[in-house]
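S.K.: Now that you have both chains on their own, put them together as the hints suggest.
In the order they appear, the protein sequences are chains A and B.
Numbering follows the working numbering, in which position 38 of the first sequence is assigned residue number 38; successive positions increment by one, without gaps.
Numbering follows the working numbering, in which position 263 of the second sequence is assigned residue number 263; successive positions increment by one, without gaps.
Simulated from the structure, these hints should not be mistaken for lab results.
Please note that a few of the clues may not be correct.
Distance condition first, Cα-Cα at most 20 Å in a straight line; then the derived EDC-like pairs of lysine to aspartate or glutamate [as the list claims (entries may be wrong)]: (1) B:Lys60 / A:Glu58; (2) B:Lys290 / A:Glu56; (3) A:Lys114 / B:Glu280; (4) A:Lys114 / B:Asp261; (5) A:Lys33 / B:Asp261; (6) B:Lys60 / A:Asp109; (7) A:Lys54 / B:Asp261; (8) A:Lys33 / B:Glu259; (9) B:Lys240 / A:Asp110; (10) A:Lys54 / B:Glu259; (11) A:Lys54 / B:Asp156; (12) B:Lys245 / A:Glu56; (13) A:Lys54 / B:Glu280.
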Amino acid sequence: MRFKQGVILGAAAAIFAGGIAIAGGHGGNPAVKARKAHMQLYAHNLGILGGMAKGEVEFNAETAELAAGNLATLASMNQMTYWPPGTSTAELGEETRALPVGWESASMDDVIGKAGALAEAAVAMQAAAGSLEGVQANIGAVGGACGACHKVYRQPDS
Amino acid sequence: MRRAVSVLAVLALAGAAVFWWVTRPVVAGASVLDGITPDLAQGELVFHAGGCASCHSADKADGEAKLVLSGGRAFASPFGTFYAPNISSDPEHGIGGWSALDLYNAMKHGVSPGGRHYFPAFPYTSYVRATAEDIMSLHAYMQTLPADATANRAHDVGFPFNIRRSLGGWKVLFGSEGWVVEADLTEEEARGRYLAEALGHCGECHTPRNVLGGPDYGRWLAGAPNPTGSGRIPNITPAKFDWSKADIVEYFTSGFTPEFDTVGGHMVDVVENLSKLPREDRAAIAAYLKKVPGVE
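Extracted from the complex, chain B is given alone in its bound form (with noise of 0.2 Å):
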């Protein structure tokens, strides 16, 4: 009997060591940013392609008041609210005194400066895919932008999803550093990928998750249900879309669908994005979306 009790004992030892260990979390070092110059206009095209703006300026904000990062907009998820915390160059209330490194880090492993995981409302799935020259550009570009004293708003997020510790054994299940779309892509349809796979984290919504609210890679865009409650979001698999390249374009850049009505919900901001990004940049994400497996 005794003896069963130390087994069991050594067992739970070692099962909360695993654990540990797979939760930990794990961040890159300062070489990896070795012999790299930041290069500002590149930071701004980054800035725009990754939507930070979209998330993180204050609720109802617009034009230039958009480059305020002072954080608070509310999304809701079947775990709890998030609220956008405040990433302007605000040293104190925002990450004005953060490095390139803590930047690298936040975006490609979901680890804060002082080593605690990000819930992944923060798309670091997708920007684990960004290049360390734009992340060091980006950090250069948002470093131009202003301050705001904005107080961070704490994440409404029950229990046992509130254990941080436990977004390790997530990063370890739903985390990929490859791409998705792995098929022969031309110089054009490489760039889309990366656009739309890393910085403009299309799959975030775009992709249905599981109930762990990981992205379900097997259905890559093919649509699901709105965070917000009410419709879909759409599938944009060429199985059920079939705008012409130019069609995807001329929305990305005026908003304007085939029949000339206007974009619509959250993808009037992406829609604001895009239209900031060189024309090719637009091309090529509708050149990419062309190559995506067809699923129905």
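Here chain A stands alone, though its shape is the one from the complex (with noise of 0.2 Å):
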């Protein structure tokens, strides 16, 4: 009797949990959420390559280059389904940080060119990936083209 009423009670929970998964998956806002998983492939891709530069990870040039392959391929993709209008802060709240400037008509070129300045920054960390100095020779660059974009278009982190 015991055990049956654990099954039961552990069924319940998994489909309660399942639930509060399901719906936290379907929530909010799709573009939004697909810029955000776009920038956590960034992240990830970056970490790899960040971690043998500090010297955290021993180097190895094969992942180095696929991750700075990935992170070529990233910049590359066209993501403007990803920044429909009225996703920014003034729609959405807490949901983004993106801010409206980066939907101003007068922001346009400025945002193509930051954008291409990252494609830019990830072609050459890829051609340099190599090498640990090629790495640590390129990701300042990266850094600097993803906090570029950050500095002007996202809302500062409180």
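M.R.: Here you go:
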């Protein structure tokens, strides 16, 4: 009897937890989720390169080139559908940190230019990722390109 | 009665004399720079380490435009809004006419060539620890930067903080040429201390201030409200800040946090400057931060 109760309770808890996970997975603006996921993929691949640059992880040219290749691919992707109008902090509040200024027509050339600068920095990193010195020499430019966009178009972390 | 009045008058005069003496702008004579030869490369390093362009370039300037030190950026504070002056090499609107000694007295004593106290929005409480050699080299380097004819904007500071003379008393209370962290340091840590406590002026934002705007040296680098009014500048003492030395160096180099997010807020400018220093200097600052007393 006690075993049966336990099974039922456990099953109920699993269904409940699963429900929360599904709600969490389905809630929120899909475009915001897509761009956050894209940023997460940058961070994951940068983590591989950065760990080697810092000396925390032993350098491996194959892994570094793989990560840098991913980075270059990610940076070259067309993200138009990630950023539809109406998905800035002005409309979505804390769900996003993307400032409305990014959608102003006066910002368009700058946004495209900064995205291009990241793509260039990522390609340069890919070309240099065969050596530790190459990774170390190029990671600053990649960080600078990421930061240049965040500085203007992302709400500061408080 | 008459006697009491005259005693009071004498006391008031004596008080005014003491105030006048205590608050007088004190400067150094030319001999402090005797025998020093400026070094342009060193001056450029001091320029980046000191973060001059972050405040003195035009609002939203980027890249090469950051070397045009036309001023104009606004800095809000509880005492009013300060506007960074033009420190380009323009002889009329900037500081192109300044001698190296003028720059020395501005940075170390907070006194203008005309003998007025500067407001401590200009971080002379940090720059006071800079060496004469570095200031001389900085002066030479800044003369090579472009001239710009933008006129200075007057600070928007209300009474009584607008009485410049009272800043003499402020300096007596809060100015100190000594090091904040006095522990035994290795050569690397000592270099880091020089970069952090003198040129980099980290404490200006990361150390809380008292009601008079003086730094609370007992809570050195323990974090403070953001002067912009939103959020806090973080505590970077070992009690609250556990990044490895390699994490800190990476952050100063590329702006990436250990989670590979990017640097934010005003620190973006700081990282931009630090990334121009030799890697050993960034490592030195990281080593110093590990030696700062922990404050909860």
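S.K.: What's the verdict on A:Lys54 and B:Asp156, does the C-alpha distance respect the 20 Å limit or exceed it?
M.R.: 45 Å, violated
S.K.: With the threshold set at 20 Å, check whether the alpha-carbon distance from A:Lys54 to B:Glu280 stays at or below it.
M.R.: The hint holds at about 14 Å.
S.K.: Does B:Asp261 sit within 20 Å of A:Lys54, going by the straight-line distance between their CA atoms?
M.R.: Answer holds: A:Lys54 to B:Asp261 is near 16 Å, not above 20 Å.
S.K.: Regarding the pair A:Lys114 and B:Asp261, is the alpha-carbon distance no greater than 20 Å?
M.R.: Holds: A:Lys114 and B:Asp261 sit about 17 Å apart, inside 20 Å.
S.K.: Checking one constraint from the list: CA of A:Lys114 to CA of B:Glu280, max 20 Å. Satisfied?
M.R.: Status violated; Cα separation ~30 Å.
S.K.: Decide if the proposed pair is consistent with the structure: A:Lys54 and B:Glu259, CA atoms, cutoff 20 Å inclusive.
M.R.: Roughly 13 Å separates the two Cα atoms, so the pair holds.
S.K.: Would you check the hint for B:Lys240 and A:Asp110, treating anything up to 20 Å between C-alpha atoms as holding?
M.R.: Between B:Lys240 and A:Asp110 the Cα gap is close to 37 Å, so the pair fails against 20 Å, i.e. violated.
S.K.: Below or equal to 20 Å on CA atoms is what counts here, so check B:Lys60 against A:Glu58.
M.R.: 40 Å, violated
S.K.: Do the alpha carbons of B:Lys290 and A:Glu56 lie within 20 Å of each other, as the hint requires?
M.R.: 18 Å, holds
S.K.: Quick one, are B:Lys245 and A:Glu56 close enough, alpha carbons at most 20 Å?
M.R.: Holds, at about 11 Å.
S.K.: Between A:Lys33 and B:Asp261, is the straight-line Cα distance small enough, at 20 Å or below?
M.R.: 16 Å, holds
S.K.: Hey, B:Lys60 versus A:Asp109, does the alpha-carbon distance stay inside 20 Å?
M.R.: Satisfied, since the Cα-Cα distance of roughly 16 Å is no more than 20 Å.
The structure fails hints 1, 3, 9 and 11 (numbered hints given earlier, in ascending order).
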